[in-house]
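Using the hints provided, position chain B relative to the given structure of chain A.
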Amino acid sequence: ENITCTKNYLSIYLDFWFPPTFLHVWRLDFPSCTSQGGQRFLVKMAAPLTLLLIVAVTIRAALFRSSLAELIAERVEVVSPITAWKRVVEGLALLDLGVSPYSGDVFHETPLIIYMFHFLVDYAEITFMLADVITAVALYMAVKEYNKQVFRKQKFALEADRYPMDSLELIRSPKEMYYVPLKVAMFYLLNPFTILSCVAKSTCGLNNAVLALFFLSTIKRNVLLSAIFLCLATYQSIYPITLCAPAMLYFMQRQYIPVNFRRVSFWWFIVQYLFMYLGSLFVLICLSFFLLGSWDYLPSVYGFILSVPDLTPNIGLFWYFFAEMFEHFRLFFLCVFQINVFFYTIPLSIKLKEHPVFLIFMQLAVISIFKSYPTVGDVALYLAFLPVWSHLHRFLRNIFLVSCVLLACSALFPVLWHLWIYAGSANSNFYYAITLLFNVAQILLVSDYFYAFLRREHHLTNGLYLKRKDGSEATLILK
Amino acid sequence: NINPCVQIIIHLLSVISQNSAGQFFSSGHTNNWAVLVCTSRFWFNYRHVANTLSVYRSVKRLGIPDSHIVLMLADDMACNHRNPKPATVFSHKNMELNVYGDDVEVDYRGYEVTVENFLRVLTGRLPPSTPRSKRLLSDDRSNILIYLTGHGGNGFLKFQDSEEISNVELADAFEQMWQKRRYNELLFIIDTCQGASMYERFYSPNIMALASSQVGEDSLSHQPDLAIGVHLMDRYTFYMLEFLEDIHPASKTNMNDLFKVCPKSQCVSTPGHRTDLFLRDPGSVLITDFFGSVRKVELTMDAINLTDPINPVNGEEQKEVYSYADQLPVSEIIHQKPKQKDWHPPDGFILGLWTLILLVFFKTYGIKHLKHIF
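Keeping their order, the protein sequence lines are chains A and B.
So for the first sequence, the working numbering puts the first residue at 1; every next one is plus one.
So for the second sequence, the working numbering puts the first residue at 480; every next one is plus one.
In isolation and in its complexed conformation, chain A is listed as follows (with noise of 0.2 Å):
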């Protein structure tokens, strides 16, 4: 059986190049062939994914007994008054003294991280880099299983005829799908933003890994555990409640219920997550009542979060804007910057319907530029996500000017930082100036992504080549 396994997949790869063989070819026992090779898949892939462990925890622990922890540890790109270390010790150090760890303005993060800190603060260091493994475990785990579901979906369309013969190039193998879960691990694992998020032990880590593991919930079709760890991830900060959306939508698409507004059976799955989500809120939050017996960790840690007091410089758009801002008007942008996260939800999950785990990619990178504190971890996650998509690389047009422009943000940020704080001949302007270019440039990412997504599904139905009415070659725009 191996042997017909490798006699299909190379026969595949050959008829790429040879398209007139294509079809008969395609049409052997590929099912069996598929679990068997999944198997395989695991078994081949375990040893290069524990190497990538390995060599990820070599470069945390390097760096975390090196003089560099503390320096990372308060670079404000890296570290926000949420997610500080620093607030966490802290806060565990108050509530020693038998004072609330809310009052004051020290720590923001919720009642569980103070629970589990309370027995881990001696082993921080591994809890950090653990849920980083976390996180890159079950990316991989997840993206492998959606390689299958893409790969099975794309068979059932080349079995029933939908795609016009010009598009059968952008068609994926299971050859260029193969690294590619190895890749989105290494994208997360090997980012130097998730190196200095970690070794600044940053609860984004946390945020991080939990995300990771509502991924691999949803796309492992269990809705309990997916609608448990979004509440987690929501219970910590607030944004990531947009991400219902695509989860509700990707189940329903699993059991087969069509989104139109008009089913019952779309109201009734909607209403039964929900429910589950919104019951294991209310648990959540009364369970953080019982362990500090009050409610003030509410106004601290949402209150926070959206309100927004604290304008300390990091790489989003909130604070210089607040910074300035006459009080009188406070309240109607606030409301304005944070609309500006939840509104981007309904339009896409209306046009990425079918697509709900291209709009999960989409819903993590607008949070994490929108959101009231972002750091560099949260920029982490969904830059992970790339290798899925790299099948995309033909559509992209901006790919160049992103990476450039990401990577000389990434240098200028501690730069300007120095400049202006330390040395005091730049101000703040300067390093504002590099967040919105960096802002900007995450926002041209996505919308490059979405672009080549939206256009590679459009060649899948409309043919490759496309012509005008006259014949002459047209091209896609994004309107």
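Source of the hints: derived by calculation from the structure; they are not laboratory data.
Backbone N, C-alpha and C fix where the C-beta goes; we use that ideal spot for every residue, glycine too.
One or more hints might be untrue.
Claimed, not checked - Calculated lysine-lysine pairs in the BS3-like style (CA-CA distance at most 27 Å, straight line): (1) A:K86 x A:K351; (2) A:K144 x B:K842; (3) A:K148 x A:K175; (4) B:K842 x A:K220; (5) A:K353 x A:K155; (6) B:K842 x A:K148; (7) A:K183 x A:K155.
What the hints assert, rightly or not - Incomplete in silico selection of chain A near chain B, CB under 8 Å: (8) L95; (9) D96; (10) H118; (11) L120; (12) V121; (13) N222; (14) L224; (15) L225; (16) I228; (17) L287; (18) F290.
What the hints assert, rightly or not - Restraint ranges, calculated between C-beta atoms of paired labels, are given here: (19) A:L331 x B:P607: 45 to 53 Å; (20) B:R680 x A:L331: 41 to 49 Å; (21) A:L437 x B:S645: 52 to 60 Å; (22) A:V271 x B:L837: 52 to 60 Å.
The following block gives chain B in isolation, referenced to the frame of chain A:
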């Protein structure tokens, strides 16, 4: 059989001696302090430094020691590079009197002379590291002489060319001194333009004030010295100093004579004074009560028995016991080290959390479904 004439003379003598004895014990002070402040800097304000140093000289001559004088000079004229006679400050033309000399002790010099430091000296609110020579360590038996000179206006006095003290601030500072029992009686002399405005707002008891000019008038300087090139003194202080030259520690001159110093013919401005807050009659106040440090000594040739203990007048007098409200758990802090109690999450929370986790685990991974997930 004594001649009635002689009887009258003896009676008169006893009355006079009783008066002098009465006068001897009438003032309630036991120590004297002086705060002498010159608030102007720059070479052309030489005369203000000379004013202050002249008063310093007189006060020292009459007995107040350096430890009881707080001398604040905003600029150094003696060692100014424009001074043709370095290490000297003259108060009379033709360089007759050098008020600087060898034993001047300046407590606040140069930029230390600020409104804040002046008020801190008066009210006693100095940081614990301040040396004794910079403090006004007066008590409720101190008579204090405060002499200010510089440039002023209606209601303010300029310090160092960059800040001002207002008459309200000064009045409040004196009230603080009164409430903290930092003086018995206070004599306030100011030699600036419109100086009378500075004592208009005083409201604390036992303050007597003199000023060189009324509101709307300027105080003028006396004579320039052509060798040094600046005016050496102000008129009011010049004539006050001439008056003080005749005072010696035993003189009985009183305040009414000080009020007559420098009439309009000599001073061009009209000096003013204020005595309504003062409890004693100015005629009974000696100049040496403020400008000198006269120790009241009673010589006796008899032995005095001090064996009787002082009995309380009222046998049942209860002394009120004052106690602080217990603001800090001092006994706990001092006598017992509180046990460092670590915070533990409540048991109910741990139980609830892990029950939920186990429930979810078994719901998801019910044993028989384990295979399908992986």
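Provide an ascending list of the numbers of those earlier hints which the structure does not satisfy. 1, 11, 12 and 22
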